[in-house]
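Protein chains: 2
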Amino acid sequence: MTNPSTANDISSLPQKLRVLLDGKRDYDIVIERDVLARAGSIIKERFGDRRLFVVRDPRVDAHYQTLFKSLKDVGLRVDDIVLPEGEPAKSWDCLQKTIAALLEAKADRHTMVLALGGGVVGDHAGFAAAMTLRGLDYIQIPTTLLAQVDSSVGGKTGINTVQGKNLVGAFHQPALVLIDTATLRTLPDREMKAGYAEIIKYAFINDPEFFEWLDKNGRDVLIRMEGALSHAIATSCASKASVVAADEREAGLRALLNFGHTFAHALEAACEYDRRLLHGEAVSIGMSLAFDVSARMGLCHDDEAARAIGHLIRMGLPTKIADIKDFPRISPDMLIDNMSHDKKATGGRLTFILTSGIGRAFATRDASMSCVREALAASMRHN
Amino acid sequence: MTNPSTANDISSLPQKLRVLLDGKRDYDIVIERDVLARAGSIIKERFGDRRLFVVRDPRVDAHYQTLFKSLKDVGLRVDDIVLPEGEPAKSWDCLQKTIAALLEAKADRHTMVLALGGGVVGDHAGFAAAMTLRGLDYIQIPTTLLAQVDSSVGGKTGINTVQGKNLVGAFHQPALVLIDTATLRTLPDREMKAGYAEIIKYAFINDPEFFEWLDKNGRDVLIRMEGALSHAIATSCASKASVVAADEREAGLRALLNFGHTFAHALEAACEYDRRLLHGEAVSIGMSLAFDVSARMGLCHDDEAARAIGHLIRMGLPTKIADIKDFPRISPDMLIDNMSHDKKATGGRLTFILTSGIGRAFATRDASMSCVREALAASMRHN
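If you read the sequences in order, they're chains V and U.
Take the first sequence: its letters are residues 3 to 385, numbered as in our numbering.
Take the second sequence: its letters are residues 3 to 385, numbered as in our numbering.
In case anyone wonders, no lab produced these hints; they're calculated from the structure.
On a predicted model such as this, the values are computed, not experimentally measured, just so you know.
Please note that the accuracy of each hint is not assured.
[Stated by the list, open to error] In silico DSSO-like pairs for lysine-lysine, Cα to Cα no more than 27 Å straight-line:
id : chain 1 : residue 1 : chain 2 : residue 2
1  : U       : LYS18     : U       : LYS167
2  : U       : LYS26     : V       : LYS99
3  : V       : LYS167    : U       : LYS18
4  : U       : LYS327    : U       : LYS167
5  : V       : LYS26     : U       : LYS26
6  : V       : LYS108    : U       : LYS167
7  : V       : LYS99     : U       : LYS167
8  : V       : LYS167    : U       : LYS327
[To be verified] Computed from the model, here is a short list of chain U residues facing chain V with C-beta under 8 Å:
id : residue
9  : SER93
10 : TRP94
11 : ILE101
12 : ALA102
13 : THR163
14 : LEU169
15 : GLY171
16 : ILE332
Here a beta-carbon is modelled for each residue, glycine too, at the ideal position from N, C-alpha and C.
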């Protein structure tokens with residue numbers, strides 16, 4: 003892992019990180035304003051005259067036009083596969099359609115798939131690429147903050163089934179990630195904040211300096227100040243990439259990336275994954291719960307937990323279950339029961355990511371369930 | 003790769019080979035008569051108390067009972083997923099059913115899948131395991147000679163779609179391969195011969211000594227003499243394993259395993275993949291064609307090609323298209339056109355595996371198409 007520029011050097015754009023896996027599958031993350039307009043020359047220079055299929059969200063037409071033009075300008079052959087909006091794209095049915103489209107159009111082993119859109123598009127397109135001809139190369143071009151700092155790095159791809167979300171999928175690393183910060187200009191504020199929750203997560207896990215930086219500059223990230231935004235994205239990608247490089251298949255270290263997520267998944271399930279609660283918002287509440295449980299268990303100082311949660315509040319993120327509008331009437335025990343169905347549960351016991359302070363998260367199977375229950379009950383109270 | 007016992011030492015059963023990949027995913031192939039009855043203790047000793055799902059062919063009831071008893075005897079929890087007979091199991095629909103069954107039964111990341119049956123079952127079960135929770139461990143327990151020497155080693159899994167066979171799939175290496183030679187006792191002679199075609203293929207590719215051994219002992223393999231059978235299987239698995247280890251994702255060396263296969267796939271397609279032509283029979287004709295083309299191009303001595311083809315004839319295998327009953331009336335050019343749709347074609351040019359003699363195969367994109375046409379025409383003539 004090459005480090006991104008440090009906090010004192012945030013003007014040195016564009017940024018490039020290299021994700022080190024096993025040599026053969028190493029890849030770059032390029033973070034650059036308006037990089038979409040240069041995508042054609044970047045792709046042609048790195049991969050040669052490959053045939054390309056863009057798999058994309060229907061709502062990114064303007065970005066697609068920019069991308070398409072830059073690919074055409076260097077003479078690359080491009081086809082376009084447009085997915086339905088939102089989570090329905092992560093279905094068996096939709097996945098089969100994408101694969102059939104690739105095969106009908108006579109994709110061969112040198113064909114590349116470009117995923118243009120948010121996390122849903124990346125998960126769908128990456129999985130389709132993984133399975134077609136037993137694995138086509140693909141490029142992630144994430145257009146939401148959440149996807150830029152989270153799902154586009156790490157190689158997790160997949161779909162949802164009636165049994166649950168992301169229970170079917172593949173580990174398939176991208177050949178390149180292109181992050182165009184300009185695509186965030188039109189992103190709704192609520193989605194910017196939700197993406198920010200995943201950024202602050204990296205600070206909470208193992209980077210107290212990044213926390214100090216975000217505590218000062220977080221607002222600039224949210225209002226899309228170019229330097230702050232690029233630095234936050236690059237630091238997040240670098241953090242995720244270093245964890246992924248160390249532990250590609252999530253046996254241990256990678257589990258820390260699930261900080262706040264066991265709670266988050268249970269809350270999202272309770273909200274039926276609808277717009278009441280965005281994933282990043284659920285993660286914000288989940289991380290607050292993780293700090294609270296850790297404080298209640300005496301693992302983390304109360305002041306430290308309060309400081310972490312206070313930061314989330316100042317950034318305009320929800321930190322309590324009571325903050326969710328129209329949250330269903332369910333008990334802490336029902337939520338705990340939901341968590342046990344999370345796929346991270348193995349052998350029946352729940353793994354929690356807890357913390358001994360900002361920047362010091364750890365995985366444990368020995369969480370006190372009474373502290374978890376108390377934290378959930380407190381989180382549900384309006385006060 | 004540990005070498006199997008040599009030709010002079012064929013009594014030293016059972017045999018165990020280790021497939022070396024990257025350290026973490028290395029696995030053993032155990033070749034042993036009646037190993038099914040010991041499967042429980044082997045699996046428990048290696049993998050501990052894992053929950054198991056057997057995915058199997060409906061026709062292997064007797065083998066399943068043996069396996070089930072041995073697993074139960076050591077206290078392992080076993081569920082059973084029975085597939086439809088034959089190729090229909092390699093469909094999207096059927097694959098989704100297996101994955102749904104695994105998820106409904108609350109499979110977790112420590113669950114293992116056991117594939118019991120022929121190549122179809124291995125391809126289906128391995129692919130289902132690859133996708134469920136982004137990858138469950140699985141064990142191959144092949145019960146046909148073809149699967150024992152070919153598809154159960156190497157990690158290729160997949161299904162068929164309307165666009166073609168095996169165009170959708172994953173590379174997913176098994177955690178263990180258990181080969182019980184006793185399962186071949188009830189295998190029809192025609193299928194034994196078809197499996198033998200894949201055995202002799204390894205000799206043709208790069209092992210002239212193995213050819214000499216098979217030329218002497220091939221008949222003993224077909225009549226299931228235990229020592230000869232185990233030696234032939236072990237040598238074949240070792241050969242495939244060494245190629246797979248060197249080149250897991252088929253960029254170069256692994257392509258040699260397709261010796262005879264470009265022709266074979268076109269012939270199978272012409273026969274609509276029905277019982278007129280088993281895969282191994284198609285490979286036998288395909289290898290004969292590869293020798294003939296090589297001889298016509300002056301790459302291989304005529305006597306050498308005649309010796310190779312003569313061996314196949316003596317073993318009761320078809321070597322000419324004219325040997326196929328009810329082969330459709332199609333021209334050499336139509337067959338060549340079929341080959342171009344094979345997924346091994348990249349950038350429009352056909353890769354052929356040709357040979358400069360027994361044990362000396364090589365890949366080339368410079369085959370003489372007029373020699374290919376002549377060889378096909380000769381192969382179609384009854385004389």
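Now for the hints, and whether the structure bears them out:
1. Between LYS18(U) and LYS167(U) the alpha-carbon distance is near 32 Å, which puts this suggested pair outside the 27 Å criterion.
2. Taken as a hint, the LYS26(U) and LYS99(V) pair is broken in the structure, with Cα atoms around 35 Å apart against an allowance of 27 Å.
3. A threshold of 27 Å between alpha carbons decides the hint, and for LYS167(V) with LYS18(U) the separation of about 40 Å lies outside it, so the pair is violated.
4. Restraint check for LYS327(U) and LYS167(U): satisfied, since their Cα atoms lie roughly 23 Å apart, inside the 27 Å limit.
5. For the given pair, LYS26(V) sits about 17 Å from LYS26(U) by alpha-carbon distance, which is consistent with the 27 Å threshold.
6. Simply put, LYS108(V) and LYS167(U) have alpha-carbon atoms about 14 Å apart, close enough for the 27 Å limit, and the pair holds.
7. Our distance criterion of 27 Å between C-alpha atoms is met by LYS99(V) and LYS167(U), whose separation comes to about 17 Å.
8. Taken as a hint, the LYS167(V) and LYS327(U) pair is broken in the structure, with Cα atoms around 50 Å apart against an allowance of 27 Å.
9. Below 8 Å, beta-carbon pairs count as interface contacts, and SER93(U) has none with chain V, the closest being about 11 Å; its hint is therefore violated.
10. Against a cut-off of 8 Å between C-beta atoms, the interface hint on TRP94(U) holds, since the closest Cβ of chain V lies about 6 Å away.
11. Checking ILE101(U) against chain V by beta carbon gives a least distance of about 6 Å; that is within 8 Å, so the hint holds.
12. Given the 8 Å rule on beta carbons, the hint for ALA102(U) holds: about 7 Å separates it from the nearest Cβ of chain V.
13. Because the closest C-beta pair between THR163(U) and chain V is about 7 Å apart, less than 8 Å, the hint holds.
14. The interface hint given for LEU169(U) holds, since its Cβ lies 6 Å from the closest Cβ of chain V, which is under the 8 Å cut-off.
15. Because the beta carbon of GLY171(U) sits about 5 Å from the nearest beta carbon in chain V, less than 8 Å, this interface hint is met.
16. A cut of 8 Å between beta carbons decides the hint on ILE332(U): the least distance to chain V is about 21 Å, and the hint is violated.
This entry does not satisfy hints 1, 2, 3, 8, 9, 16, going by the numbered hints stated previously.
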